[in-house]
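**Q** Sequence:
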Amino acid sequence: LGSLFEGLLKMSDMDLRREYRKLNLPELGTIGRDELTRRLKEWFLWSNLPPAEFEKECLQSGMPKEELGGWLADLDEWERRTVLLEKLLVHRWVLPAYEKSNLGIEQIGDEQQLLEVVYE
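To convert a position in the sequence shown, counted from 1, into our numbering, add 11.
Any given hint could be a false lead.
[As the list claims (entries may be wrong)] Cross-link-like lysine-lysine pairs, in silico, DSBU-like; alpha carbons within 30 Å at most:
1) Lys52 <-> Lys67
2) Lys33 <-> Lys52
3) Lys21 <-> Lys33
4) Lys52 <-> Lys21
5) Lys33 <-> Lys67
6) Lys52 <-> Lys76
Keep in mind the hints are simulated off the structure, nothing from the lab.
Let the hints inform the model, and build the full structure from the sequences given.
**A** See the structure below:
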């Protein structure tokens with residue numbers, strides 16, 4: 012990951028934005044270079060953490076413990092990580108952005124609806 016992080020620091024602003032879009036990460040308002048780099052680093056870190064450490068990160072980010080179990084237990088590791096990455100995005104990036112914007116997040120409903128709104 013170290014060389015990947017170094018590579019991000021060497022990228023132009025345009026290349027950083029291209030990488031961010033390639034990963035289909037949500038753009039919530041105007042994101043400066045520092046925030047873009049921070050989010051990309053965070054995304055790559057999350058994507059490479061061992062499963063137990065990744066679940067710890069989810070919990071530390073405010074994800075309720077019950078969101079880690081249930082039907083997710085039936086998924087293979089790749090599918091489970093993909094779903095949890097989306098949930099982690101909601102808890103770490105999307106919810107704070109909506110709370111700052113005063114858009115009335117409580118009116119959106121559950122996080123799946125929120126993801127759909129963000130990706131539109």
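**Q** It remains to establish, for every hint, whether it holds in the given structure.
**A** Now for the hints, and whether the structure bears them out:
Pair hint lysine 52 plus lysine 67 holds up; C-alpha atoms about 18 Å apart against a cutoff of 30 Å. Proposed proximity of lysine 33 and lysine 52 is supported: the alpha carbons are some 14 Å apart, at most 30 Å. Straight-line distance between C-alpha atoms of lysine 21 and lysine 33 comes to about 18 Å, which keeps the hinted pair within the 30 Å bound. Distance check on the hinted pair: lysine 52 and lysine 21 sit about 13 Å apart at the alpha-carbon level, within 30 Å; holds.
Of the pairs offered as hints, the one joining lysine 33 and lysine 67 holds, with about 27 Å between alpha carbons and a cut-off of 30 Å not exceeded. For the given pair, lysine 52 sits about 25 Å from lysine 76 by alpha-carbon distance, which is consistent with the 30 Å threshold.
Violation of the numbered hints given earlier is absent; every hint is satisfied by the structure.
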